[in-house]
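Peer 1: Sequence:
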Amino acid sequence: MMGYNWQRLAEKSTMLASPHAGRHNLRIGNPITPKSATILPTLASAHPDPLVRHQAFRIISSLLTLTQPDLRIQLLTDLTGDSQLPQMRIAAVGLVKEAIIESISSTKPNPFASPLFLRVFGPILFRPSPPDLFSGSKELSLSSFQESSEPQRLVECLALYYILLQHDHQNLTGVHDKDVLSSVESSLLEPLRSILAKWMSHPSVSGSHMHAIMPLVSLQMGLERVDAAIAQL
1 MMGYNWQRLA
11 EKSTMLASPH
21 AGRHNLRIGN
31 PITPKSATIL
41 PTLASAHPDP
51 LVRHQAFRII
61 SSLLTLTQPD
71 LRIQLLTDLT
81 GDSQLPQMRI
91 AAVGLVKEAI
101 IESISSTKPN
111 PFASPLFLRV
121 FGPILFRPSP
131 PDLFSGSKEL
141 SLSSFQESSE
151 PQRLVECLAL
161 YYILLQHDHQ
171 NLTGVHDKDV
181 LSSVESSLLE
191 PLRSILAKWM
201 SHPSVSGSHM
211 HAIMPLVSLQ
221 MGLERVDAAI
231 AQL
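Residue numbering for the sequence shown follows the numbering used here, starting at 1 and increasing by one per position.
Worth flagging that the hints you see were computed from the coordinates, not collected in a lab. Watch out, some of these pointers could steer you wrong.
What the hints assert, rightly or not - Across the chosen pairs, the derived CB separations fall in these ranges:
hint, residue 1, residue 2, range
1, S83, I39, 13 to 21 Å
2, H54, Q146, 36 to 44 Å
3, S62, P203, 46 to 54 Å
4, Q84, K108, 33 to 41 Å
5, H202, T42, 35 to 43 Å
Beta carbons are placed, not taken as given, at the ideal position from N, Cα and C, and that holds for glycine.
Whole structure, please, built from the sequences with the hints as guidance.
Peer 2: Structure representation (structure tokens):
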């Protein structure tokens with residue numbers, strides 16, 4: 001499905017980059033073909049050269065900005081849900097943030113600024129991966145958690161949730177609804193709060209240098225910001 005969606009994006013970008021695209025012409029060095037478009041996420045996530053990764057990511061961001069909302073949602077669903085490309089999966093949360101800020105600031109109807117946003121992205125972004133990460137029968141060790149990409153992904157997801165709570169003043173997405181708040185609390189915030197409290201109180205953590213536990217500190221700060229935003233609703 002990801003390959004198909006990126007082929008659709010390439011077809012649209014070819015039209016945007018054509019001589020007839022006018023002032024909306026997408027100025028990139030070479031045309032984005034269906035074949036090359038499908039490897040953009042891989043380049044942005046796994047290429048050994050950081051400059052290539054950055055350029056691939058900016059091309060993805062630019063293309064998504066020029067893409068119709070329905071296809072943009074499909075592409076971002078692919079990117080945020082693909083555990084095989086962990087770095088791209090993390091960065092894609094920022095692309096979702098760009099889309100939602102743009103949408104709720106616009107006067108035009110947009111599926112990002114509607115309850116569809118949470119129906120699509122809520123199960124992907126507002127819960128751990130896998131969903132039972134903090135509550136499974138096998139106890140999660142701090143070391144295995146810190147060595148994974150999940151702490152960084154959850155930091156980005158908490159930041160996105162905070163942006164929604166703070167900026168969706170008209171509740172276009174339904175993020176302020178009681179059932180939504182309760183769902184995110186039970187699926188993400190409470191499990192994360194509980195496991196962080198357990199880890200932060202452990203002697204091996206409480207006596208550690210700040211740098212060693214920075215992933216936990218970042219998550220704790222993200223939780224506190226979200227809790228403060230919810231308290232102000």
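Peer 1: So, for every hint listed, does it hold in this structure?
Peer 2: Against the structure, the hints:
Our hint of 13 to 21 Å for S83 and I39 holds, since their Cβ atoms are close to 18 Å apart. In this structure the supplied range 36 to 44 Å is violated for H54 paired with Q146, their Cβ-Cβ distance being about 25 Å. Hint check: S62 to P203, Cβ distance near 49 Å, so the stated range 46 to 54 Å holds. Checked against the given bound of 33 to 41 Å, the beta carbons of Q84 and K108, roughly 35 Å apart, stay inside it.
Against the hinted window of 35 to 43 Å, the Cβ-Cβ separation of H202 and T42 comes to about 38 Å, which satisfies the hint.
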